[in-house]
Amino acid sequence: MSDTNRGGAQLNKSATGTSDHSLPGHASPSSRGAALPFSTATGGFANLRQAALAAEAEQRAQKRQGHEADDPYAGLSPKERRIARRAARRLRGTFEDYPHLLAIKPREGYVFRSDYYDVDGSAACVLGFFHDEAARDDFGAFWGINRIPANLGDGVSVVVFEQVRRMGEKWIDDRISTSDRIGKLEQGEQNASGTASTRRKAEKVSSDIDIATAEIQDGASYLHVHNRLLVKAPTLTALEEAVDRIKRLYIDRFGTVSVAAYPGEQRQELSALTRANDKKRGRGQHFTSVEYAGSHSLVTNGLNDPSGEYVGSMLGDVNTSAVLFDVNAYERHVVVADSSLNTVLGRAHVPDMWGSKISQSAMLNNGRVVHLVLDGADLDKLGPKFSALTASLNMSSGDINMFEMFGDREEELSIFPAHLDKIVLMAEQAYETTDDDRSIIRGSLKETLTQFYIDKGMWSRNAKTNRSRLRLVDLDHRHVPRLQDLVSYFDTKYRELSMRAARDDEALHAYNVLRLVFTDLLDNNGDLFNTHTNDAIDGVFEARRVVYDFSKLLRRGHGIAMAQLVNTVGFAVDNLSLGDTVIIHGTEHIADRVKGYIHTQFERLFARGGRVAYLYNDVEKMLADASFNRFERADWTVLGPMGDKTVADYQKHLAQDIPPDLERLVTTKNRNLAYLRRGVTNVVFSLDLALGMNPARAAHRERIERERRLQAPAAAATSGRRPTAAVPSPEPIRQPVMRPRTLPGAVGTRPAPIDPPTRLARTR
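Read left to right, the sequence shown gives residues 1 to 764 (my numbering).
Calculated from the structure, these hints are not laboratory results.
Even glycine gets a Cβ: it sits at the ideal position worked out from N, Cα and C.
It cannot be assumed that every hint is accurate.
To be verified - In silico DSBU-like cross-links for lysine-lysine, where the CA-CA straight-line distance does not exceed 30 Å:
(1) K385 to K464
(2) K247 to K170
(3) K381 to K621
(4) K621 to K595
(5) K456 to K446
(6) K669 to K652
(7) K201 to K279
(8) K204 to K170
(9) K446 to K464
(10) K247 to K201
(11) K621 to K669
(12) K621 to K552
(13) K247 to K552
(14) K279 to K170
(15) K645 to K669
(16) K595 to K446
(17) K280 to K201
(18) K595 to K645
(19) K280 to K247
(20) K279 to K232
(21) K652 to K621
(22) K247 to K204
(23) K170 to K201
(24) K552 to K595
(25) K232 to K247
(26) K201 to K232
(27) K381 to K552
(28) K645 to K621
(29) K669 to K381
(30) K279 to K204
(31) K247 to K279
(32) K204 to K385
(33) K280 to K204
Said to hold, decoys possible - Derived DEER-like restraints, expressed as beta-carbon distance ranges:
(34) R81 to A260: 29 to 39 Å
(35) A607 to S313: 37 to 47 Å
(36) I454 to N672: 52 to 62 Å
(37) D378 to A260: 56 to 66 Å
(38) G526 to E603: 51 to 61 Å
(39) G609 to S313: 31 to 41 Å
(40) A329 to T235: 51 to 61 Å
Taking the hints into account, I'd like the entire structure generated from these sequences.
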């Protein structure tokens with residue numbers, strides 16, 4: 001009988017005799033379907049199981065949602081998950097994910113010997129520091145820098161490890177009290193039975209304790225220090241030589257400090273390099289913070305300009321870092337002096353190399369450059385040719401009429417007297433005047449020139465009120481008078497004075513001198529001074545770089561070269577403005593008599609924001625010319641090696657002394673040395689200028705290309721392919737640039753396209 005029937009029978013047999021249908025609250029059959037007995041398959045236990053399963057599923061869903069919220073790969077496909085996990089694994093830093101780390105990771109492992117170890121075909125060792133406790137040190141103010149050895153040979157590297165631990169106050173108090181007690185006992189024993197050596201050692205220890213106690217009471221800290229040297233060399237022989245040199249260096253620098261390796265402990269020493277001090281072998285050294293202050297290795301960082309270019313590496317310091325120098329960072333003028341020659345570039349003067357570097361830096365910063373070459377510098381061999389940007393003028397051709405004036409029409413009243421001074425100065429280069437006749441000759445020449453220009457309709461008496469009658473600038477070059485027109489004026493005036501009854505001997509002498517001087521210029525140098533200005537000279541104003549070469553004129557005569565320089569310099573700098581630069585190669589060749597005029601032209605250039613670079617091929621001549629170049633006020637100077645007397649003169653002109661170490665360094669016989677002074681910065685470095693070209697590398701590239709062309713047919717035949725004809729690479733697209741007209745006397749021809757590797761500065 002089922003449970004239902006048994007229940008029904010029990011109800012029927014109840015005491016009241018009533019059935020379950022008659023009980024109060026009895027549900028009808030239609031409403032009893034949801035309340036099934038627990039024993040049925042769809043009864044109460046099944047409902048509980050379903051509810052538990054539903055709750056468990058809901059918990060799993062909530063847990064899954066929580067995991068997805070924390071999962072960084074949520075929403076990614078399986079492939080994307082694999083890529084993301086691989087990237088995360090690389091971030092955790094395994095060697096397999098970093099090929100460049102595998103390249104420097106030791107491939108053969110470490111092989112440890114008694115007092116060194118082998119690694120990657122090299123030999124290395126860890127050295128400890130040992131100090132004689134009985135010695136009195138008396139180290140210098142910054143003794144720590146002497147721990148860094150130098151000049152150990154090629155391929156030898158040294159790393160100084162220094163670990164410092166500050167001891168606590170309790171440790172210090174305990175040790176001081178113990179040291180006092182032991183020190184007193186030791187002192188008593190030494191006084192009773194000690195030797196001179198042991199008594200001295202005891203006194204040294206007692207003195208150190210007293211000094212340390214006083215410094216600690218004054219606020220100093222007490223430090224526990226461990227030092228190690230890690231030396232690595234390409235071979236065992238090189239390592240032994242390096243260690244021996246380090247030991248000798250320490251004897252010379254300290255005397256009481258030595259280094260040595262712990263025998264048979266190289267593996268432990270290497271693994272303990274970065275461990276705590278109490279885990280290292282040896283007691284180490286103890287310092288008060290006052291004494292340890294001298295341990296700091298104060299080294300200069302050289303020159304690291306934000307926009308600097310590499311010009312060499314430092315000399316004479318522990319830090320031999322690269323010198324990054326912003327050559328274009330100056331406002332007014334710079335000075336370079338060096339007597340060294342560069343044999344790789346055809347015995348070029350080192351200052352001329354600096355001139356090329358200054359020029360390139362100025363052009364890269366959108367500036368124009370004018371080169372006044374007096375020492376034969378060939379700029380095409382000192383850097384890129386910049387053919388499309390350069391106008392080269394050989395001043396032996398006489399392309400500028402000495403009687404023509406240049407400038408703005410508004411400035412005619414100031415242009416004319418400056419022009420007269422120029423011609424007077426040119427005449428004085430051909431005739432050496434004396435103090436007695438200089439004034440009369442100058443006055444007579446200016447008087448004649450004024451009348452000459454009035455007769456030609458270019459000038460007028462009382463010019464200020466007759467401005468409309470002036471015709472000085474912007475004239476056709478053919479309308480400007482020449483030297484042959486002026487010579488007749490001197491002849492006429494001389495004959496007139498000589499036939500007067502009351503002669504003025506001084507005036508007659510002056511006009512006789514002027515007649516002879518200008519006649520000589522006309523007869524012997526008419527190709528330079530009796531010419532019309534060439535029309536093509538106007539193209540100079542369009543060029544980014546202009547080269548005026550006076551070198552051949554110096555062979556013709558120094559006075560003639562100076563006269564042509566005076567005739568040219570005003571025209572050369574007249575069109576320069578802010579950021580533009582004039583570079584004088586071989587400034588020592590400029591005569592003293594013309595420096596005043598050139599200085600006046602440069603002062604006008606400075607007022608417009610222009611700049612000047614004075615290049616000397618001799619340091620002593622630069623110092624002798626200090627009144628002209630004002631090197632002590634230069635934005636920066638670069639000097640080559642100097643002698644003892646030259647250094648003394650240099651300090652005298654500077655009105656200050658330079659440090660003894662620097663003085664010793666700049667007098668070193670090193671042909672590749674450069675001494676840079678900029679403000680308070682003094683850097684000595686080994687010169688290595690990058691000028692955009694290297695003949696050795698160019699020849700090497702040519703040889704490689706030639707071998708490649710020769711080997712191409714053989715390689716094609718070996719592979720069974722037909723040899724292909726060499727096809728020239730397509731011409732690169734070039735931006736249009738402003739091209740100057742062809743100039744007379746230009747050195748060589750300028751091809752229309754610019755050199756592909758040349759990077760042009762943007763034109764204004």
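Verification of the supplied hints:
Between the alpha carbons of K385 and K464 the distance comes to roughly 47 Å, so the proposed pair goes past 30 Å and is violated. Proposed proximity of K247 and K170 is contradicted: the alpha carbons are some 38 Å apart, above 30 Å. For the hint pairing K381 with K621, the CA-to-CA distance comes to about 25 Å; that is within 30 Å, so the pair holds. A threshold of 30 Å between alpha carbons decides the hint, and for K621 with K595 the separation of about 15 Å falls inside it, so the pair holds.
Distance hint between K456 and K446 is fulfilled; the C-alpha atoms sit about 15 Å from each other, no more than 30 Å. About 22 Å separates the Cα atoms of K669 and K652, which keeps this hinted pair within 30 Å; it holds. A C-alpha spacing of about 28 Å is found between K201 and K279, which places the hinted pair at or below 30 Å, so the restraint holds. Taking the CA atoms of K204 and K170, the gap is near 25 Å; set against the 30 Å cutoff, the hint holds.
Restraint check for K446 and K464: satisfied, since their Cα atoms lie roughly 18 Å apart, inside the 30 Å limit. The straight-line distance between the Cα atoms of K247 and K201 is roughly 24 Å, inside the 30 Å bound, and the hint therefore holds. This hinted pair checks out: K621 and K669 have alpha carbons roughly 19 Å apart, not beyond 30 Å. At roughly 22 Å between alpha-carbon atoms, K621 and K552 fall within 30 Å of each other, so this suggested pair holds.
For the hint pairing K247 with K552, the CA-to-CA distance comes to about 59 Å; that exceeds 30 Å, so the pair is violated. The straight-line distance between the Cα atoms of K279 and K170 is roughly 21 Å, inside the 30 Å bound, and the hint therefore holds. Distance restraint check for K645 and K669: the Cα-Cα separation of roughly 14 Å lies within the 30 Å cut-off, and the hinted pair is therefore satisfied. For the hint pairing K595 with K446, the CA-to-CA distance comes to about 20 Å; that is within 30 Å, so the pair holds.
For the hint linking K280 to K201, the alpha-carbon distance of about 26 Å falls within 30 Å, and the restraint holds. A threshold of 30 Å between alpha carbons decides the hint, and for K595 with K645 the separation of about 26 Å falls inside it, so the pair holds. Only pairs whose Cα atoms come within 30 Å are accepted, and K280 paired with K247 is accepted, the gap being roughly 22 Å. Under the criterion of a C-alpha separation no larger than 30 Å, the hint pairing K279 with K232 is consistent with the structure, at around 24 Å.
Straight-line distance between C-alpha atoms of K652 and K621 comes to about 15 Å, which keeps the hinted pair within the 30 Å bound. Restraint check: the Cα-Cα separation between K247 and K204 comes to about 25 Å, which is no more than 30 Å; the hinted pair holds. A distance of roughly 27 Å separates the Cα atoms of K170 and K201; the hinted pair therefore holds under the 30 Å criterion. Straight-line distance between C-alpha atoms of K552 and K595 comes to about 20 Å, which keeps the hinted pair within the 30 Å bound.
As the CA atoms of K232 and K247 are separated by approximately 15 Å, the hinted pair is consistent with the 30 Å bound. Among the hinted pairs, K201 with K232 is inconsistent with the structure: their alpha-carbon atoms are about 37 Å apart, more than 30 Å. Taken as a hint, the K381 and K552 pair is honoured in the structure, with Cα atoms around 18 Å apart against an allowance of 30 Å. Distance hint between K645 and K621 is fulfilled; the C-alpha atoms sit about 13 Å from each other, no more than 30 Å.
Using a Cα cut-off of 30 Å, the hinted pair K669 and K381 holds, with the two alpha carbons roughly 27 Å apart. Using a Cα cut-off of 30 Å, the hinted pair K279 and K204 holds, with the two alpha carbons roughly 28 Å apart. Our distance criterion of 30 Å between C-alpha atoms is met by K247 and K279, whose separation comes to about 26 Å. Taking the CA atoms of K204 and K385, the gap is about 72 Å. The hint is violated against a cut of 30 Å.
Restraint check: the Cα-Cα separation between K280 and K204 comes to about 26 Å, which is no more than 30 Å; the hinted pair holds. At roughly 57 Å, the beta-carbon separation of R81 and A260 lies outside the given 29 to 39 Å, and the hint is violated. A C-beta distance of roughly 39 Å is found between A607 and S313, which places it inside the suggested range of 37 to 47 Å. At roughly 60 Å, the beta carbons of I454 and N672 sit within the given window of 52 to 62 Å.
Distance hint for D378 and A260: a CB-CB separation of about 58 Å, consistent with the stated range 56 to 66 Å. In this structure the hint that G526 and E603 lie 51 to 61 Å apart at CB is violated, the actual value being about 33 Å. Checked against the hint of 31 to 41 Å, the pair G609 and S313 passes, with Cβ atoms roughly 34 Å apart. At roughly 45 Å, the beta-carbon separation of A329 and T235 lies outside the given 51 to 61 Å, and the hint is violated.
This entry does not satisfy hints 1, 2, 13, 26, 32, 34, 38 and 40, going by the numbered hints stated previously.
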